[in-house]
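K.L.:
The primary structure of each chain is shown beneath.
Protein chains: 4
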Amino acid sequence: MRNSKMNHAPMGWNSYDYYDTTVNEANVKANADFMAENLKQFGWEYIIVDIEWYSKDAGTMRKNYQYIPFGDIEMDEYGRLQPDPARFPSSSGGKGFGPLAEYVHSLGLKFGIHIMRGIPREAAHRHLPVKGCGESANEIADPSSICGWNPDMYGVRKSVCGAQEYYDSIIGMYADWGVDFIKCDDICNTNLYRENQYSAAHEVEMLAKAIEKTGRDIVLSLSPGPALIEKAWHYEKYANMWRVTDDFWDEWDLLKAMFYRCELWQNHVAEGSYPDCDMLPLGRIGKGFDEGRYTRFTKEEQKTMVTLWCMFGSPLMVGAELTQLDEWTRSLLMKEDILKMVSNDYTGRQVERDEKHAVWSSFNKQTGERHAAYFNLQDEEQTICLDWNQIKQFPIEDNQPVTELWENKDYEADGSVLSVKVAPHGVKLFVCK
Amino acid sequence: MRNSKMNHAPMGWNSYDYYDTTVNEANVKANADFMAENLKQFGWEYIIVDIEWYSKDAGTMRKNYQYIPFGDIEMDEYGRLQPDPARFPSSSGGKGFGPLAEYVHSLGLKFGIHIMRGIPREAAHRHLPVKGCGESANEIADPSSICGWNPDMYGVRKSVCGAQEYYDSIIGMYADWGVDFIKCDDICNTNLYRENQYSAAHEVEMLAKAIEKTGRDIVLSLSPGPALIEKAWHYEKYANMWRVTDDFWDEWDLLKAMFYRCELWQNHVAEGSYPDCDMLPLGRIGKGFDEGRYTRFTKEEQKTMVTLWCMFGSPLMVGAELTQLDEWTRSLLMKEDILKMVSNDYTGRQVERDEKHAVWSSFNKQTGERHAAYFNLQDEEQTICLDWNQIKQFPIEDNQPVTELWENKDYEADGSVLSVKVAPHGVKLFVCK
Amino acid sequence: MRNSKMNHAPMGWNSYDYYDTTVNEANVKANADFMAENLKQFGWEYIIVDIEWYSKDAGTMRKNYQYIPFGDIEMDEYGRLQPDPARFPSSSGGKGFGPLAEYVHSLGLKFGIHIMRGIPREAAHRHLPVKGCGESANEIADPSSICGWNPDMYGVRKSVCGAQEYYDSIIGMYADWGVDFIKCDDICNTNLYRENQYSAAHEVEMLAKAIEKTGRDIVLSLSPGPALIEKAWHYEKYANMWRVTDDFWDEWDLLKAMFYRCELWQNHVAEGSYPDCDMLPLGRIGKGFDEGRYTRFTKEEQKTMVTLWCMFGSPLMVGAELTQLDEWTRSLLMKEDILKMVSNDYTGRQVERDEKHAVWSSFNKQTGERHAAYFNLQDEEQTICLDWNQIKQFPIEDNQPVTELWENKDYEADGSVLSVKVAPHGVKLFVCK
Amino acid sequence: MRNSKMNHAPMGWNSYDYYDTTVNEANVKANADFMAENLKQFGWEYIIVDIEWYSKDAGTMRKNYQYIPFGDIEMDEYGRLQPDPARFPSSSGGKGFGPLAEYVHSLGLKFGIHIMRGIPREAAHRHLPVKGCGESANEIADPSSICGWNPDMYGVRKSVCGAQEYYDSIIGMYADWGVDFIKCDDICNTNLYRENQYSAAHEVEMLAKAIEKTGRDIVLSLSPGPALIEKAWHYEKYANMWRVTDDFWDEWDLLKAMFYRCELWQNHVAEGSYPDCDMLPLGRIGKGFDEGRYTRFTKEEQKTMVTLWCMFGSPLMVGAELTQLDEWTRSLLMKEDILKMVSNDYTGRQVERDEKHAVWSSFNKQTGERHAAYFNLQDEEQTICLDWNQIKQFPIEDNQPVTELWENKDYEADGSVLSVKVAPHGVKLFVCK
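These protein sequence lines are chains A, B, C and D, in that order. Sequential numbering from 1 applies to the first sequence in my numbering. Sequential numbering from 434 applies to the second sequence in my numbering. Sequential numbering from 867 applies to the third sequence in my numbering. Sequential numbering from 1300 applies to the fourth sequence in my numbering.
Everything labelled a hint here was simulated from the structure, so no lab data went into it. Given the structure is predicted, the values throughout are model-derived calculations rather than measurements. Hints should not be assumed to be uniformly reliable.
To be verified - Taking CB as the label site, the calculated pair distances span:
no.: 1; chain 1: B; residue 1: R726; chain 2: D; residue 2: V1716; range: 55 to 65 Å
no.: 2; chain 1: B; residue 1: A690; chain 2: C; residue 2: K906; range: 49 to 59 Å
no.: 3; chain 1: D; residue 1: D1697; chain 2: B; residue 2: D509; range: 35 to 45 Å
no.: 4; chain 1: D; residue 1: D1713; chain 2: A; residue 2: D253; range: 45 to 55 Å
no.: 5; chain 1: A; residue 1: T383; chain 2: C; residue 2: K1079; range: 19 to 29 Å
no.: 6; chain 1: C; residue 1: N873; chain 2: A; residue 2: E300; range: 38 to 48 Å
no.: 7; chain 1: B; residue 1: E813; chain 2: C; residue 2: D923; range: 50 to 60 Å
no.: 8; chain 1: D; residue 1: D1653; chain 2: B; residue 2: D509; range: 32 to 42 Å
no.: 9; chain 1: B; residue 1: S852; chain 2: C; residue 2: E1247; range: 47 to 57 Å
no.: 10; chain 1: B; residue 1: E845; chain 2: D; residue 2: D1653; range: 56 to 66 Å
no.: 11; chain 1: D; residue 1: G1514; chain 2: B; residue 2: E845; range: 23 to 33 Å
no.: 12; chain 1: C; residue 1: K906; chain 2: D; residue 2: D1371; range: 52 to 62 Å
no.: 13; chain 1: D; residue 1: D1713; chain 2: B; residue 2: D509; range: 37 to 47 Å
no.: 14; chain 1: D; residue 1: N1363; chain 2: A; residue 2: T383; range: 47 to 57 Å
For each residue, glycine too, the CB sits at the ideal point set by N, CA and C.
Pulled out of the complex, with its shape left as it was, chain A reads as follows (with noise of 0.2 Å):
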């Protein structure tokens, strides 16, 4: 049922981690002219436009609230959310995103945007009517089923009447409006409720059906994670990507914890069909949230956390202001021998894991090209050592030469074993000649 029409995962910028709520359409456009000149090459080419884009007031109570109760929000006679015409001034008269969409797809990128499962709480109180149907908001919409952090929504029930109406009226704008992505929240991880994490499957049912019939290629994203294993097959049949992790951010420790969830999901990276690690708080971030900061990644923490995000075959979600990107944060995003692991032609798998250390190996089925990836956990520097006649996959000639990709530099193996020293929370990358 989902679009597997997909080489490689998705890679793009998302709004999120600097703007936080706030995003407008100048820092939109400007982040695609960006992309388009610089990153574009590399695979780069979703623009995604973060939560509460609907929202007039969002931002402005930051200190009490992330997302204002009872709030102010534009909305049209159907009960749907239309972009903020103050922040979004193409998407006025009605318009939508559509400006917008075309503007980014006029610089050779896609265009995505994020939404909260459900119909927004105010339509089904003021019972306005679904489009396409005769029943209204207070019919279709669950006053037991809300999103523990965000007041905007209730969920929609499932199998009633103007339920998939609903969707299928919200999806055919947005595909009226040009979008190729959809990152649906609270959605895949309903965490509000503990005992039935994945209550709202219907809705990404009635999403994937509302996609499909529209007829164009739109990227189902699901969040919050962590993803539920157990769904692992559902998310894999209706969705694209869906979030193996809460949100991710510049610390150590969800870095740490991320190779527990590679290890947990490696088997489940496929076409079309990507576990997602979250997006990459690199460069500047933070500014909606508070006065913003650089990340605070180390380097090496960069390069471990790239290494690991296209190893596993993660999507690539950048969520560095990208006007303000420095040198380093931009060498990242080119790096090009590395980047191309994403692709659906390489298999990632964990070779071994403890508190201490991580191996990674990554095969390509077409060319036969073989990489491994020794990760230090530690906060001090470690000698990790790895008989790669251990890999499946990565047997070696005796004494065979190896490159290291983040320095570009060969080591060679004392018989099959390599040992080498890296540096704390760091990576050596290999490739086999």
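Given the structure of chain A, go ahead and fit chains B, C and D onto it with the hints provided.
P.N.:
Below, chains B, C and D alone, put in the same frame as chain A:
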């Protein structure tokens, strides 16, 4: 902080088991009349109006909803719910339940109401002012705190301006009306929140404080159950009753399960502190739910229920429509020598229990009076046997005769051991002479 | 690390369902003879001796114990369990299962045994030496690692000297005997340890390593279930089969529950990687447990079971005493056009499922052959209807005829939709022509 | 059933905190001598020999094991553990702890021992007879019931012949020895069994019954914790003390957590019924574990600990080696006006608590004496403020002076409100004059 001037667990009538959401003024008066005339002398005194007396369309979509989402309610300009004047004509003109309470008082009885914790969702979405302060409903309503089974309210936030004032405003109004008993729902176990089932503890404290401020003796009863044993100290500090079970109905499995619940809570019964086994589904019940029915409990099961509730010390709230009482049920409610065990003078304890049977004792500290009950939890008749010297406060002289209270018949022990046949699901209740 | 040279899920016979702990050499030979003569040609090849072949008093206290605590066992001087020579005469003189394996091989079949993970408790209490190293049993046995339901063994510690040597010593002996299949128990879900149900993961790794060292192709099968979906990656890395269910018997509720389990594990079937639905309790079973019985499954339920196991790709292990097979059961085991779906060439997927019905598809990547099965999970006959264009790999031309395989009858779709009546608990299995 | 002739919570010395498994007769006598001479007059009376007094190799492999698996033990022909005669010379010749108990009694003190629930594993594997019946150890030992952290015993089965006889045989022997206090371990929370943490409830009942049969006043103390609040009724019925915490040591986090535990159990302190906060790790401790140390608690923390234990009504068991007591610690153990609050005459209750502070009250029903303690749970000094009229049994006259007991200084309230600075982790303890 709680009211503890009570010499026995509350006894009364509650509208829910018969009327569901649909009870009206005439129904309440008729039941009060009956109680005053026939039952008051046996200790029965409370008349409780249960859920959604403020709803104007309650019961009109019963096949689809017990509680209609986004339905029509009676509310004042401060977001305080009022009785539906169509159902409670005496409340018209803003008089609330004042006139009805006065009527009940005139019969020598006490008047109680059911409330849902929190503030009406509609008040929050409409930004109504809170009486007695500068805040408005949207500022004190917590959009993430809902009831899992009733769509009417939002929980009230902790430690925000206007929160205590809101509770003061409603409880003060109830005191003005002459309310003697408040059954607050969705508060004892806020079961939607599985990892924080006592998520509204702060609302219990606000309720208790508001009641204390009124200076009126108001019993505070918390629902639904099961109450959390690890919060026993909190219930005991702030409330008078708390439901130890989810809704109790006329099914043997629920009755059998109550033996576990009474075991769990037996050490927590004290003056002003009454773990609550829920209403007694006797006689005619269920009218508001469908066509109504006569209780499905056999007579033996009814005796078991009344005996357990009394020996444990539970509040006793009759669910039957009193005006339709048959002789048998009426006789149950007049069993003075059994009902008196709910008095604070008696201490009830489980002696032993397994899957097949249970034995309870009750000891009157003042008079030395001693009871023991043998319960048959099996589906066949069985002989239950007990050495009375095992019961700490029950040592009897050899071969001492005892009286069984349900059949009013004498039995004699063999030494200190009494063996007796008990009917399926039945009980023998002995008192020492 | 695991053996993956397998072109379909293992098919064979297992002694447990009929013999419990009491199977002997003559029984094993008789079943092997039958298989060689009648079933081998349909893919059946494994003969498995199940639990406690080392016990000398197995079955003698069956009313009190399935597994006698502190009972009498056959063990060599290194704490390695040996077949009870009274039950397995050919094993006398230290020959173990060598002669019996040789017999089975002579029939063109393969030979397997059941083991409990760990080292005999008696070896630890007696401080017996471990073969091949200086350690003794008390040093490698973990006194806190026991099986919750069998009293024979202690788990082996992680990362201590002598631990791998112990596993090498037993697996090497099994390889010497000619064992082709090891079903290791109390390891897939060590269910006593509720917060660490995969507590013996290190023993799985030691087993896999020991098997690899032997150089022999030995299938590694892990029991009991339910396997932990979050450990799928680990099972897939080290083992060939793992039980997705606790013991399966001839009860509809268990069969119905298997639909959930197959849904959960459907994406995990691959070459050498077979989630295991457990033995097929067909024909005569249960003799070792009490008096024995004919399977309680109806014929419709048996067809449902075989269809589900085959489309899912589960190993097939017959529980029936083969020498007592009736015609019906025998015919089931010869249904070549159904059994072939366990081949690696077929991909089975659940199309839809609810409480009332399930639909599965199976697609042969090599030939393009397409199957669909309609399962009736209700107790009454029902009509199940499906639009075949919903099945990604099943799009059919309008009104294309299909054949039902159990009754060998042609059906025709109405457009792409096929509606068909299915018996209670039964199935219709269609193949596209 | 339990012994309830106690007018205050037990106070004494326990060997564990200093000696671990290694205490010997001379150590015990030295501590008893010290107590008799210096502490007895303040209420201290119990001398407890803690774990593995029967082990001959205890402490010899301390780096690898606290409790050596399959080690060397002293046991009689009935599987009853005996003191190691090398460590306890007076026990030689089968006299057990008789002579040592006699010595302790001669000093006017009481003598107690630690036991593990169940029967030695070695007795079961050797099929030793149970004294007083025809059964043997292998018949009553449950091979699935072990301790998760100590390898010595198997649990005793429920309702099998020989089970009560075994407990009678050991408890009778202890009574013959003159034991006054039994601390039974692995019984209050059998934490290996996460879904049945009170799996040995039947062993508690057998212990209580065996004690009652002896006719001797023996205190029954259950370990380890945390005790299960839902089993409060059972502990209260059969035992005198139960640990509300896992092992308590000299770490602030553990002390801070005790405020939660005391909140939870506050309503469960009564005559003969003492929830137990565990030993007081004061003075010199830890010798058996490594080199030993002086308690890591600051003086403020020690005052906080002693105040909380006393107001709550916990048993008080000193962990310090008494013969090495410094002046400060000695003074703590002689604080008569604080220690007396463990008497049954006092009722202690938490008044309020949050992450930053706690307030407790204690009320003497006999004398009307009233205490209040202000605890600072923060790492910095803070001012704590309380309106004493909030404390039900503490209403004071305006500006009534009170005395702080640790510094013996007078304070005066402002109206009914007293504000006072409290040191980090410290306490102010006031008594009304």
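K.L.:
Hint by hint, note whether the structure agrees.
P.N.:
Verification of the supplied hints:
no., hint, in the structure
1, B:R726 <-> D:V1716: 55 to 65 Å, "holds (58 Å)"
2, B:A690 <-> C:K906: 49 to 59 Å, "holds (55 Å)"
3, D:D1697 <-> B:D509: 35 to 45 Å, "holds (40 Å)"
4, D:D1713 <-> A:D253: 45 to 55 Å, "holds (47 Å)"
5, A:T383 <-> C:K1079: 19 to 29 Å, "holds (27 Å)"
6, C:N873 <-> A:E300: 38 to 48 Å, "holds (46 Å)"
7, B:E813 <-> C:D923: 50 to 60 Å, "violated (37 Å)"
8, D:D1653 <-> B:D509: 32 to 42 Å, "holds (35 Å)"
9, B:S852 <-> C:E1247: 47 to 57 Å, "holds (53 Å)"
10, B:E845 <-> D:D1653: 56 to 66 Å, "holds (60 Å)"
11, D:G1514 <-> B:E845: 23 to 33 Å, "holds (30 Å)"
12, C:K906 <-> D:D1371: 52 to 62 Å, "holds (56 Å)"
13, D:D1713 <-> B:D509: 37 to 47 Å, "holds (40 Å)"
14, D:N1363 <-> A:T383: 47 to 57 Å, "violated (27 Å)"
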